[in-house]
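Just so we're aligned: the sequence shown equals residues -17 to -1, 1 to 95 in mature numbering (1 follows the signal peptide of the UniProt record, and there is no 0).
Bear in mind the hints are in silico, worked out from the structure with no lab data behind them.
As the structure is a computational prediction, the values presented were derived from the model and not from experiment.
Backbone N, C-alpha and C fix where the C-beta goes; we use that ideal spot for every residue, glycine too.
Do not rely on the hints blindly, as some may be mistaken.
[What the hints assert, rightly or not] Restraint-style ranges between C-beta atoms, simulated for each label pair:
#1 Gln83 with Gln28: 17 to 25 Å
#2 Asn72 with Val47: 25 to 33 Å
#3 Ser39 with Lys70: 15 to 23 Å
#4 Asn72 with Leu25: 14 to 22 Å
#5 Arg76 with Gln33: 14 to 22 Å
#6 Asp79 with His30: 17 to 25 Å
#7 Asn72 with Val36: 17 to 25 Å
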Amino acid sequence: TLSVFVMVVVAATVIGSIRLRKPDLSRMKRYFPRCCKERTFLCLQKHVGQIHVFASSCQQEAAVYCGAYEDCVPCCNQYANCMLPSKQNTIQRDHDVCKQRVCERPARKTCS
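Using the sequences and the hints given, assemble the complete structure.
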């Protein structure tokens, strides 16, 4: 009985000491369109001068973060395509223009 009591006290102490964490944004809250645009832009900033090479991988990275990857849909093609001609000295201006593009959510596809 003493060992059961000690186990209960220890369990209560451990459970009581664990702080409840704030949950991460749900997939729906961070989904289209803002999340895709911002996460794609953060990635593209690392590859200025080679945006045409990295646009697709940056878009995929954004899709994973924003939750679009599970739905097998691209993460705002309109934004990524708009950013393709961007150059180092115009990337912020281009982002400000391109982020105004409407992101269409294509019909749900089956992953292949």
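Structure-based check of each hint:
1. Gln83 with Gln28: 17 to 25 Å: 18 Å, holds
2. Asn72 with Val47: 25 to 33 Å: The hinted range 25 to 33 Å holds for Asn72 and Val47, with Cβ atoms some 30 Å apart.
3. Ser39 with Lys70: 15 to 23 Å: The hinted range 15 to 23 Å holds for Ser39 and Lys70, with Cβ atoms some 19 Å apart.
4. Asn72 with Leu25: 14 to 22 Å: 19 Å, holds
5. Arg76 with Gln33: 14 to 22 Å: For Gln33 against Arg76, whose Cβ atoms are near 18 Å apart, the range 14 to 22 Å holds.
6. Asp79 with His30: 17 to 25 Å: The hint (17 to 25 Å, Cβ to Cβ) holds, given that Asp79 and His30 are roughly 19 Å apart.
7. Asn72 with Val36: 17 to 25 Å: 18 Å, holds
Going down the numbered hints, you'll see the structure goes against none, and every one checks out.
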